[in-house]
Amino acid sequence: MKLRIEEQAVERCRELAHRIATPVSDFIAGHSTVSVERSVLRLFGVDGVGADDAPLVNLVVDALGPQRAGGIATLFCAALAETGLEPQALAEEVAAGRLAFGAFQNVPSEVARAIARSHAHRALTKISQVRAGRAQRLARLPQKPPPLLYVIVASGNIYEDRTAAVAAAEAGAQIVAVIRSTGQSLLDFVPYGATTEGFGGTYATQENFRVMREALDEISERLGRYVMLTNYASGLCMPEIAVMAAFERLDMLLNDSMYGILFRDINPKRTFVDQHFSRMLNAYAGIVINTGEDNYLTTADAVEQAPAVLASQFINEEFAHRAGLADEQIGLGDAYEIDPDLEDGFLYQLAQAQLARQIFPRAPLKYMPPTKHMTGDIFKGHLIDALFNLTSVMTHQGIHLCGMLTEAIHTPFLGDRALSLENARYIMGTARHLGDDLECKPGGIIETRAGAVLASAQSLLGRVADRGLLTAIEDGVFADISRPPDGGRGFEGVFARAADYWNPFEDLLVPQAVAP
Amino acid sequence: MSKFVKPYGDTLDDGAMQLSFTLPVPWSEAADEAARRLVTKMGFSDVAVAEGRPVAKDFSFFVVYARTPQAVDFSIVPAAAAKTHALSMDEIDEMIALKLGRKVRVAGACIGTDAHTVGIDAILNMKGYKGDYGLERYRQFSTYNLGSQVSVEELVRFAKEKKIDAILVSQVVTQKGSDVANFTALVELLEAEGMRDDLLLLCGGPRVTNLLATELGYDAGFGRGTLPSEVAGFIASRLGQRASSL
Numbered sequence: 001m002k003l004r005i006e007e008q009a010v011e012r013c014r015e016l017a018h019r020i021a022t023p024v025s026d027f028i029a030g031h032s033t034v035s036v037e038r039s040v041l042r043l044f045g046v047d048g049v050g051a052d053d054a055p056l057v058n059l060v061v062d063a064l065g066p067q068r069a070g071g072i073a074t075l076f077c078a079a080l081a082e083t084g085l086e087p088q089a090l091a092e093e094v095a096a097g098r099l100a101f102g103a104f105q106n107v108p109s110e111v112a113r114a115i116a117r118s119h120a121h122r123a124l125t126k127i128s129q130v131r132a133g134r135a136q137r138l139a140r141l142p143q144k145p146p147p148l149l150y151v152i153v154a155s156g157n158i159y160e161d162r163t164a165a166v167a168a169a170e171a172g173a174q175i176v177a178v179i180r181s182t183g184q185s186l187l188d189f190v191p192y193g194a195t196t197e198g199f200g201g202t203y204a205t206q207e208n209f210r211v212m213r214e215a216l217d218e219i220s221e222r223l224g225r226y227v228m229l230t231n232y233a234s235g236l237c238m239p240e241i242a243v244m245a246a247f248e249r250l251d252m253l254l255n256d257s258m259y260g261i262l263f264r265d266i267n268p269k270r271t272f273v274d275q276h277f278s279r280m281l282n283a284y285a286g287i288v289i290n291t292g293e294d295n296y297l298t299t300a301d302a303v304e305q306a307p308a309v310l311a312s313q314f315i316n317e318e319f320a321h322r323a324g325l326a327d328e329q330i331g332l333g334d335a336y337e338i339d340p341d342l343e344d345g346f347l348y349q350l351a352q353a354q355l356a357r358q359i360f361p362r363a364p365l366k367y368m369p370p371t372k373h374m375t376g377d378i379f380k381g382h383l384i385d386a387l388f389n390l391t392s393v394m395t396h397q398g399i400h401l402c403g404m405l406t407e408a409i410h411t412p413f414l415g416d417r418a419l420s421l422e423n424a425r426y427i428m429g430t431a432r433h434l435g436d437d438l439e440c441k442p443g444g445i446i447e448t449r450a451g452a453v454l455a456s457a458q459s460l461l462g463r464v465a466d467r468g469l470l471t472a473i474e475d476g477v478f479a480d481i482s483r484p485p486d487g488g489r490g491f492e493g494v495f496a497r498a499a500d501y502w503n504p505f506e507d508l509l510v511p512q513a514v515a516p
Numbered sequence: 001m002s003k004f005v006k007p008y009g010d011t012l013d014d015g016a017m018q019l020s021f022t023l024p025v026p027w028s029e030a031a032d033e034a035a036r037r038l039v040t041k042m043g044f045s046d047v048a049v050a051e052g053r054p055v056a057k058d059f060s061f062f063v064v065y066a067r068t069p070q071a072v073d074f075s076i077v078p079a080a081a082a083k084t085h086a087l088s089m090d091e092i093d094e095m096i097a098l099k100l101g102r103k104v105r106v107a108g109a110c111i112g113t114d115a116h117t118v119g120i121d122a123i124l125n126m127k128g129y130k131g132d133y134g135l136e137r138y139r140q141f142s143t144y145n146l147g148s149q150v151s152v153e154e155l156v157r158f159a160k161e162k163k164i165d166a167i168l169v170s171q172v173v174t175q176k177g178s179d180v181a182n183f184t185a186l187v188e189l190l191e192a193e194g195m196r197d198d199l200l201l202l203c204g205g206p207r208v209t210n211l212l213a214t215e216l217g218y219d220a221g222f223g224r225g226t227l228p229s230e231v232a233g234f235i236a237s238r239l240g241q242r243a244s245s246l
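As given, the protein sequences belong to chains A and B, one line each in that order.
Start counting the first sequence at 1; every next residue gets the next number (this note's numbering).
Start counting the second sequence at 1; every next residue gets the next number (this note's numbering).
The following block holds chain B by itself, in its conformation from the complex (with noise of 0.2 Å):
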């Protein structure tokens, strides 16, 4: 059964709703008229700029309540839909400590001659990137940084020393296809060495995207702007999936 929902001011079915924005022009009363022309074009009705002023010489802001004539069949909103919560630096931790019970040991390392190494050092630095923290302040990672040109060979040297539980490669520069031989190398060394099926082998760089990483035999493949959270939470979930069905 349908059950279309508005926004809840004071009374059901009400649509009103608070809109706070900037305009790039001096305040004046006219910028307030801006401010509610601009509003009612986005098919809102009653709309009452409560608050305009300058905050800047050549800027405006503006608080505005409005009502909106639209709404939703929450009856046909997939749940999964609204499921998109991503875990939080603690949550991971506690995750890995649950299904684990040990430190997730990761390696992480720009292959090849490549020496960006701004994308490796966003997800593994204590600072991270974006104030989304590094693998490192994690409690439950034990995090190598390798480094920039790092041979394949090395690397997986370095993986079975430490038995390395995720190994994560950066690869920025990406001329004549370099990326991608890199990263293949990497691929067909752990198999031959038989340790690619006990280790989780992760990709990233501003050109890399899932399906490349998937197609060249990665478990995953993180493109720009990628949050450390996001990758510690994929290694945490699909080690503990692992784990779970041993």
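In isolation and in its complexed conformation, chain A is listed as follows (with noise of 0.2 Å):
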């Protein structure tokens, strides 16, 4: 199935996307924010929680104060020189108040720099190493072809997670993601350990990602075949979770770049310096993003969205370059929302579930199942899933979350999952090349569809990028929604970087042409 769609639209909506992006870029670059500088601390080897179950890395970077402007590095490794302690003991140090930054002025930078070369030098090696083991395990299990289906375990107890994980994979589950509990995105700090304790999830802890790696990659070498694991980088601490992600082999992210600011009211200077940071660190570990545009269609009309979702994934795709990831790495995110008793509703998600295939052929795209519709009928339910999976399979979508009966009902239980697989993978085996047989009708229902729904996005980008994307968002431009530049969460985390700001890993983390 191919649409015949403007290619001149399509250039002209990158170039727009270039154009929204660059000032953003500009104040990124003049900018740090304290979860930036915790990741630097979390990739030093800095971890454990101090006083109150407080992080290190927060009680190191708070100890910091206004000297932050200048990057936690060197006065973090200025430290390390002069008492010879490793990362984690002077972190400890610091964070019980035992030593005070002020006590090491007198280290030349170069040394302190030399110091947090080689440490960061180290984190990488790690980070390489890891993603090495990725593609190596990947090269021995073999995945079933896209579209990769995805599932979600969300009992906020890891523990039980996991047994719903293994579960999951023994019923074809090729992804499987753990929902973060209600609110985590809101904390400024991750929590620590495993837990077992969540609201509407279970909570993102380097311990917790770790419980279900290990879980995952027996059952992976149980089944033949590798089963990736993807948690949450949004919210407050975007930087930190890519890094806890990177360490532990996260393979998948969702990693947004104006979701915070849209839809949780996070400070969008903040949500743009941590986007971009904790996208740098997914390029390098070669961990596949996943955008949030089905939040747009959840909020609105999902047929009057549809160019708000396109838009969308132009900034994102632009955001995500610049960053360093690669086409193979940016998930742009869609869903199936069209109310179900419009007429033609799914031909209008083929158009543009088709149409996002063709602008972005590289793209693994994220499809997201139908939720706004779903009602206490698991029957009908089950039906709309269906035509859901098959939208999914003809136009070759990459990531596929496999949509639950029981979606408006509770979080899912075992057996839904297990039937929700059956669903997909009955519906991907007996149409898996319908997609490559048909012919889309000139001029027809499906390709005038695209054609609007691009035409739209161009001028909706086109409004962005003539007044700002900081101001668009202020004007409510995205989702109706309006948020200040200095207003939301976690504003009072951003400052300017002085002078003599240095953060090792911005130059080492340059993109690397390596295959994810």
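Source of the hints: derived by calculation from the structure; they are not laboratory data.
Mixed in with the good hints, there may be bad ones.
Selected chain A positions facing chain B (Cβ under 7 Å, derived; list incomplete) [claimed, not checked]:
1. Ala-103
2. Glu-170
3. Ala-171
4. Gly-183
5. Leu-186
6. Gly-200
7. Phe-263
8. Leu-414
9. Gly-415
10. Ala-418
11. Thr-471
No residue lacks a Cβ here, since even glycine has one placed at the ideal position from N, Cα and C.
Two independent chains are provided; combine them into the complex using the hints.
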């Protein structure tokens, strides 16, 4: 199935996305955030908690005070030079108030930076090894062809999640995501250790990542196919989650350039700076990002919001490229959310999905299931999911979040996941090459709809480019939500870089041309 | 007059029902038999395991048809029991548009020193909770989330300035009765300012009950697991009633 689309319009959209991102990139280059600095410490090997369960990285960055404008790396490594301590031991001393950064002003910055570079190299070597380990496993334990079947576990208890994840893998899941506890995205720290309680999900902690990775590795060996693990690098700790994910071999992260701003009221500047550094890490670690365009569709009418989805995909792609992500690492989002009662709604879904496929040919598109129009009628829900599955296989989506017949009722039961996976496997098997065999009627409903969405996306991007992204966000151009540049959570954690600001990873995390 | 009803398969009073469930055992014929016995134990007769199969190494899934001997007397089922229909976001928006003809202004905060915004965020944030959208997502609410550690004075000043219709306060920390003290301080200040009767006052938190809330002088209290639409529905219907009684 191939749509005739105006290539010029696509090019124009990419130019507009470039124009939109440029001033934001300039802002990013002049700023850092507490979360970026904390992730530098995590990369240096600092982990664990201090008083009141506050993470050491938070305590150390807080202890910096206004000196944070120079970045944590130089001062911290000056203290390493002077004390001869390892990063973890130094962090414990600083966190406990036994050492203060003021005492190490005399160490020449070249000395400090040399130490920082060696710690940075050590971290990146570790991440490269993790990445190579994934590549080896994928070669030895090949996945089934896409759309990769993705399911969610969300019990709040990582050990129950583990049971559910293994069962889902046995039932055919190729990707398992552990949904985070409600509100974790608004915490300005990452909780520590294995957790067994959460609200509507399970906390993202490095230990929880490890527990789940270990279980999935074991089942991957047993099934002879690699099962991927996903979590969420969104909210106030995007870069830190990216570090933890890189260390623990997560394969995908939800990581949108604007989701936190619009849907979580996180400060726009904080989000843009954080998303950039987290994406640089993802690029290096070979992690595939999943963007959150589905949220536009659940907010408002899915037919009306289609151009916003496409516009957001262009913006996400542009920011992802700027952070060094390869096309194969950019899982652009979309969702099957059109009202089932709308005549020809299925055709509109096909149009949108195929349009994204053709515009972003190498991106592993992330397709999200129906949620908004799912009801307690599980039988109808199962049918809607079947058409969602059909759309996905016909348009070659890359990452397929399996819809649950009980979507409107509860977080999935084990049996619900199995039924959902069976539905997807049936449809995707029986109609595997349908999309390749069909030709789209020129000027028909599908092609006309795709053309209209592209044209509207172009005009939307034009409006954003004209007024600037931050102003557009303040004016409520996206999802009718207004977010002022200096409002929202986490703004106090954004700061201007001093002239001597330095972060060793910025030089080292240069995009590398490696297959993910 | 009594009117007993039973499930209808293809004949009146055949009591036919379908059940499906998962058992945490590897599938085998014994697993099918276990499913059959389980349903028999529930009091069903003519139990037929239509489908039993593995859904994972250690889990089996079943579809079972069976007949229930039970019946209910429909004539004595109170009408109210069936009327627990919760309002959807669209219905709530419509109700506000119809009854008030303007947007409802809502302010939310964690008062005192409490920094746990998980509850108030679940109710107010666009994203919502458990797939139930937050008040920000409603067309007919103008929502102000003041965040954590907001003083009672600050909140009251804000409410006055923005002509707030409903205040939501959340308290997660309950150490040494700090929640009750903070809740009470807010009511007292609103009364002192003569604003109490002009707005709805709601509180929430894992330890909050509606009883506690009303005793403290609030219009309602919401505990653990509350969905945003429940709060939104309460605000809409209460303000709607007030508007109609004017």
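Taking the hints in turn, this is what the structure says about them:
Among the interface hints, the one on A/Ala-103 is violated; its C-beta lies about 31 Å from the nearest C-beta in chain B, farther than the 7 Å criterion. With a cut of 7 Å, the hint placing A/Glu-170 at the interface with chain B holds, because the nearest CB-to-CB distance is about 4 Å. Evaluation of the A/Ala-171 hint against chain B yields a held restraint, the C-beta minimum of about 5 Å falling below 7 Å. With a least beta-carbon distance of about 4 Å to chain B, the hint placing A/Gly-183 at the interface is held under the 7 Å criterion.
A distance limit of 7 Å between C-beta atoms decides the matter here; for A/Leu-186 the minimum to chain B is near 6 Å, and the interface restraint holds. With a least beta-carbon distance of about 5 Å to chain B, the hint placing A/Gly-200 at the interface is held under the 7 Å criterion. A hinted interface residue such as A/Phe-263 counts as satisfied when its beta carbon comes closer than 7 Å to some beta carbon of chain B; here the least separation is about 5 Å, so the hint holds. For the restraint placing A/Leu-414 at the interface with chain B, the shortest Cβ-Cβ distance is roughly 5 Å, inside the 7 Å limit, so the hint holds.
The restraint placing A/Gly-415 at the interface with chain B holds, with a minimum CB-CB distance near 4 Å, inside the 7 Å limit. Residue-level restraint check for A/Ala-418 holds (minimum Cβ-Cβ distance to chain B is 3 Å; threshold 7 Å). Taken as an interface hint, A/Thr-471 does not check out: its beta carbon lies about 20 Å from the nearest beta carbon of chain B, beyond 7 Å.
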